[in-house]
Every structure is written in structure tokens, then in C-alpha cells.
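For the sequence shown, UniProt numbering begins at 1 and goes up steadily by one.
Hints are not guaranteed to be accurate.
To be verified - Estimated spans, in silico, between C-beta atoms of each pair: (1) N49 <-> P10: 30 to 38 Å; (2) A8 <-> Y34: 31 to 39 Å; (3) A8 <-> Y29: 40 to 48 Å; (4) V7 <-> E51: 20 to 28 Å; (5) N49 <-> Y17: 17 to 25 Å; (6) L52 <-> K26: 17 to 25 Å; (7) V35 <-> A6: 30 to 38 Å; (8) T53 <-> Y17: 19 to 27 Å.
Unchecked claim - When the alpha-carbon atoms are kept at most 25 Å apart in a straight line, the in silico SDA-like pairs for lysine to any residue are as follows: (9) K28 <-> R44; (10) K26 <-> V7; (11) K28 <-> L52; (12) K26 <-> R44; (13) K28 <-> V12; (14) K26 <-> I45; (15) K26 <-> N49; (16) K26 <-> R9; (17) K28 <-> H11.
If you are wondering where the hints come from, they were derived from the structure by calculation, not from laboratory data. Here the structure is a predicted model, which is why all the values come from computation and not from measurement. Even glycine gets a Cβ: it sits at the ideal position worked out from N, Cα and C.
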Amino acid sequence: MSATAAVARPHVYPNFYACYLLRSLKPKYTTRTYVGSTPDPPRRIRQHNGELTAGAKKTARYRYNY
1 MSATAAVARP HVYPNFYACY LLRSLKPKYT TRTYVGSTPD PPRRIRQHNG ELTAGAKKTA
61 RYRYNY
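Modelling step: build the complete structure from the supplied sequences, incorporating the hints.
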């Protein structure tokens, strides 16, 4: 094994992990749903609602812009 080879480490799972189902509140898109998963649901819903960056690009057109 060379000095630059990566050392295999066991995967560490978070203490909590959630799956979720979202539905758009926009009248035009109320039949649209999105399934996702995250270890931090409050942060993720803020991303989906456009309050935080880094994520939820797929659902951007289905949300209200406040």
C-alpha cells in the first residue's frame, strides 16, 4: 500500500435520520409531492422553503416566494 492510499474507515451513521414527504401549497402544484431524507429535518425544511441555501433546487418552482 502506498503512502497516499486512503485508509478505510467504518461509516458512521447519525443518531437520527428521517424520511419525509412534502406537498406544495401553491394552488397550481398541490398534486406535486417530493420524497427526501435528512438527519436534520428543521434545517432541511428551511432549505426547501428557500430560507437557506444549498439544496432543494428541484422544489424551487413549487414554493411560494416570500
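Structure-based check of all given hints:
Checked against the hint of 30 to 38 Å, the C-beta distance between N49 and P10 comes to roughly 35 Å, which is consistent with it. At roughly 34 Å, the beta carbons of A8 and Y34 sit within the given window of 31 to 39 Å. At about 44 Å, the CB distance of A8 to Y29 agrees with the hint of 40 to 48 Å. The beta-carbon spacing between V7 and E51, approximately 38 Å, falls outside the hinted interval of 20 to 28 Å.
Checked against the hint of 17 to 25 Å, the pair N49 and Y17 passes, with Cβ atoms roughly 21 Å apart. Hint check: L52 to K26, Cβ distance near 20 Å, so the stated range 17 to 25 Å holds. Taking the beta carbon of each, V35 and A6 are about 32 Å apart, inside 30 to 38 Å as hinted. For T53 and Y17, the Cβ-Cβ distance of about 22 Å falls inside the hinted range of 19 to 27 Å, so the restraint holds.
At roughly 23 Å between alpha-carbon atoms, K28 and R44 fall within 25 Å of each other, so this suggested pair holds. The straight-line distance between the Cα atoms of K26 and V7 is roughly 48 Å, outside the 25 Å bound, and the hint therefore fails. Between the alpha carbons of K28 and L52 the distance comes to roughly 24 Å, so the proposed pair stays at or under 25 Å and holds. At most 25 Å may separate the alpha-carbon atoms for a hinted pair to count; K26 and R44 meet this at roughly 19 Å.
Pair hint K28 plus V12 does not hold up; C-alpha atoms about 41 Å apart against a cutoff of 25 Å. With a CA separation close to 16 Å, the supplied pair K26 and I45 stays within the 25 Å bound. Taken as a hint, the K26 and N49 pair is honoured in the structure, with Cα atoms around 12 Å apart against an allowance of 25 Å. Note on K26 and R9: the hinted pairing is violated, with a Cα-Cα distance of about 45 Å set against a maximum of 25 Å.
This hinted pair does not check out: K28 and H11 have alpha carbons roughly 42 Å apart, beyond 25 Å.
In this structure, the earlier hints numbered 4, 10, 13, 16 and 17 are contradicted, and the remaining ones agree with it.
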